[in-house]
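*Asks:* Residues per chain, in single letters:
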Amino acid sequence: MAYKTIIEDGIDILVAGAGLGGTGAAFEARYWGKDKKIVIAEKANIDRSGAVAQGLYAINCYMGTRFGENNPEDHVRYARIDLMGMVREDLLFDMARHVDSAVHQFEEWGLPLMRNPKTGAYQREGRWQIMIHGESYKPIVAEAAKKSADKVFNRVCVTHLLMDESKPNRVAGAVGFNVRTGNYHVFKSKTVIVAAGGASNIYKPRSVGEGAGRVWYAPWSSGSAYGLLIGAGAKMTQMENRIVLARFKDGYGPVGAYFLHLKTYTHNGLGEEYESKWWPQLQEMVGKEYLDPEVSHRTHRPIPTCLRNHALISEVNAGRGPIHMVTMEAFQDPHLEEIGWHNFLGMTVGQAVLWAATDVDPKNENPELTTSEPYVMGSHATGCGAWCSGPEDVSPAEYFWGYNRMTTVEGLFGAGDAVGGTPHAFSSGSFTEGRLAAKAACQYIDDGKAEGIRVSDEQINRRREEIYKPLEHYKIYRNEITAGSVNPNYINPRQGLDRLQKLMDEYAGGVTVSYMTNEKLLNIGLKKMKIMEEDLEKIAAENIHELLRAWELKHRHLTSEAVIQHTLFRKETRWPGYYYRGDAMKVDDENWHVLTVSRRDPKTGEYTMEKAPLYHLVEA
Amino acid sequence: MPTFVYMTRCDGCGQCVDICPSDIMHIDTTIRRAYNIEPNMCWECYSCVKACPHNAIDVRGYADFAPLGHSVRVRRDEEKGVIAWRIIFRNGKKDMTLLAPITTKPWGKHIPKLADESAPSQAMRDSQLLFNEPKYVRLDDGDLHTLKSNGLKMKKGVSY
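So the sequence lines, in the order shown, correspond to chains A and B.
In terms of the numbering used here, the first sequence has 76 at position 67, counting the first letter as 1, and numbering is strictly consecutive.
In terms of the numbering used here, the second sequence has 184 at position 34, counting the first letter as 1, and numbering is strictly consecutive.
These are computed hints drawn from the structure, not numbers from a lab.
Nothing here was measured: the structure is a model prediction, and the numbers come from that model.
A portion of the hints provided could be inaccurate.
[Claimed, not checked] Heads up, simulated DSS-like pairs for lysine-lysine below, C-alpha to C-alpha not over 27 Å straight-line:
hint, chain 1, residue 1, chain 2, residue 2
1, A, Lys-197, A, Lys-156
2, A, Lys-595, B, Lys-305
3, A, Lys-156, B, Lys-259
4, B, Lys-306, A, Lys-580
5, B, Lys-303, A, Lys-244
All chains should be built: construct the whole structure from the sequences, respecting the hints.
*Replies:* Okay, structure coming up:
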C-alpha cells in the first residue's frame, strides 16, 4: 500500500483528542514544560472538535467561591448524591478547587460570560451553572492550545497506544492514520494524555434513518477514550454507570436552562404533576438515604437525576404520556422567550430546526419530553472512565500512585471523559482535568520516569498492518460479488454499528426494553459480543472515510464490552432510571457501596473484576 | 438535520470539508462541489454552515421527524464578534431574528502564550497549584483549598 509512514519522534507530551480536556492539557503543559515537546493528535479540526464543537450556552461547573457562593466540598456532596454515592471524591474535590481559575481565564480570553446586573456576579442558571454566550467556546480554547503546542496534527485518528518494550505496563506513544491522506502516523512519546471522547451510538437510538445523527452526545464521540485505554490494559471504573437523559423529544434539546432559569416544569398527558407519586415505591427500592423528598424540599438537596428519569419512564409506561414541559407560562415573558431560543441556538441548533419544522411555539403549546437511549461517558451526570490516581494531598492510599490523573499504566494520563468517577465536570471541569494531568505528566518526566523507553519496528509495523486491514479486506473480497453491500466475507462499518446497537439495546438495557436487563441477558450479550469481535476482524472499508468509521466502531465495541462486564458484576440496581437489573431490583449498600474496577488483559481479552473501597469527604 | 449544499452557490473551496467534526462534508469528484456523504452521522452542529464563505450550505430537518418548509439560517462574524440567526416556521407565522456575541475581545489577542511566561519556581512545582494560581481561583490573596483548610477528611465506608 502506498501510504507513507510518518514518525514524530522525541515527544514529551502527546495529547490524544483535543476537546475541552485535551485543549486544557496542551495549554497547561507548556507552563510546566517550557522546553518540552508538546504534540496534539485530533481526528477532526481542533477549532471545532469534541462535544463542545457546536458551542455551549452554559458552563455547568463553576463554584463561585469568589462571590461567596460555594466551596469545593459542596460540589462533591452534590455529585455524590446525584450519582447515588458512587464517585471518586478525591478527584472531584481536586477538580472543584481548581475549576474557577479556568473559568476566570476564559473570561479574560474573550468568552462572553453573562453577569447578573444586580449583584455583578456571573449570571446563575442554577446553583452550579453560569450562563454564557458560548458559540465560540471551542475556537477560543483551541487558540490557547495551539499557542502552547509545538505541533497540532488535525485529522489524525489515534487508534492504539504504543507500549514500551523495556519496561512492562509503560506507555510509549500512539499510532493512527490521517483521515485525508491515509498516511500512517507514529508518535513516539514519553507520556500520553488521553482526552478523547465518551460514547454515543453504542445503544440503538430512538430515531431511525437520517435522524440517527441527532444523538444527544456528538456522533463523533466514538468511545475512543475507553477504546484506547482498555486496549492498553488500563484499569477502568464505573463503566456500568451509563446515562439516560430526559430531553425535548426528537431534537434532544437541553432542559437545564428551562428547569433552572426559565422555571418551566413537567406534567403528564393529563396535565398532572406526576413525579411525587412515584417516590414512595422508589424509596423502597433505593432507601431513604438516597431519596427523601422532605429533606430535599427542606435543604434543597437534589433528587438524583436517575430517580427523576425513573418517575418519567414509569409514568409513560403506566399509559399517562406524553410528558410535557410546561413552557406556556414562562414564554409569555419576551425576555425569557428569547433565552429559551438562544439556549438551543447556542448548543443544540437541531431542536430549533425541529420546532420551526413542526410549528412548535412554546409560547402557545407545551413541547414533549422523552428519555434518550443510554450513553457512556464520564463528564455529565455519570462517571465512566479509567481508574486514575488522585492528588497527593487529598487521596487515600488506595487512590494514589504517584501522579495526579495517571491511569494504572505508567505515563498514561486521562482527562475529561477518560477519567472515571468524576461526574459533573462538564466543559470547565474537563479542561481543568486536562491541566492537572499536564502538570503531573511534566513532573513524571522530570522525575526521570520515562527514561529508556524502547519501541521496536516490529510493534510499529504490526500496528500498521492492523490499521489498514479493513482496506485490504475490502480489496480482496469486493470482486467476489457483483455489486452492493451484501458479502459473505465481510461487513461494513455501518452494518457493524447496527449490530452493536441492537445487541446493546436488547441485552444491556436499551430503550426498547425500558432500560431493563439481568444476568442471563447480559451473559448472552457477552457471548454475542465475543462473536462480533471475530467479525470485526473481517470488517471492510471501501475508502479512508470508512476506515475511520471502522476504527470508531472497534473503539465502541471495546467500550460496550466493558459496559456489559461491569453491569454483570454489580449485582444491584444502583441507578433506577439509568438501568435496571431485573434480578436485583434494589440498591444494596451492604454489598455494593463500592466502586467497580475492571481490567481487560490485552493479550487474552479476559476480564478481571474487583471492588474498590469508597471514601467520602466528611467533616474532620 | 442533515446539511445540504446549493449547486449554484458552492465553488468547491473545501472550507466545510476542513471544519466538519464528523468528516462527512466531502467534495464530489465529478461536480467538484461539496456534499454531505453521511447524513445519519450529521449532528446539525452548523460548523460547516458557519464556515462557508458563500452561504452555500443549509440544513433540512431530519426526514424521519421534521416536515419540510422551515428555515434556520446563520451568519457568524469573527471581526464584529457576533452571530446572527433567523428562524422561520413552516407555517410562516413565526419569523425571528436573534443576535448574540461570540467574543468580548479582538479575536485571539488576549490568549497568553505560556512559553513567554516566567518559569514556575520549584516551590510552585511541588505545590498543587496550576498556572495563574492561587490568584485566579478567587481573585483574592487566599490560597488553594485543601482538606485541612476546609476542615475535611476522607472517610472509608458508607456515608451519605
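*Asks:* Is it true that the CA of Lys-306(B) sits at most 27 Å from the CA of Lys-580(A)?
*Replies:* 21 Å, holds
*Asks:* Hinted pair, alpha-carbon criterion (27 Å max): Lys-595(A), Lys-305(B). Please report holds or violated.
*Replies:* 25 Å, holds
*Asks:* Taking 27 Å as the top limit, are the C-alpha atoms of Lys-303(B) and Lys-244(A) close enough?
*Replies:* 26 Å, holds
*Asks:* Take a quick look at whether Lys-197(A) and Lys-156(A) sit within 27 Å of each other, Cα to Cα.
*Replies:* 22 Å, holds
*Asks:* Taken at face value, is the distance from the CA of Lys-259(B) to the CA of Lys-156(A) at most 27 Å?
*Replies:* 11 Å, holds
When each numbered hint is compared with the structure, no violation occurs for any of them.
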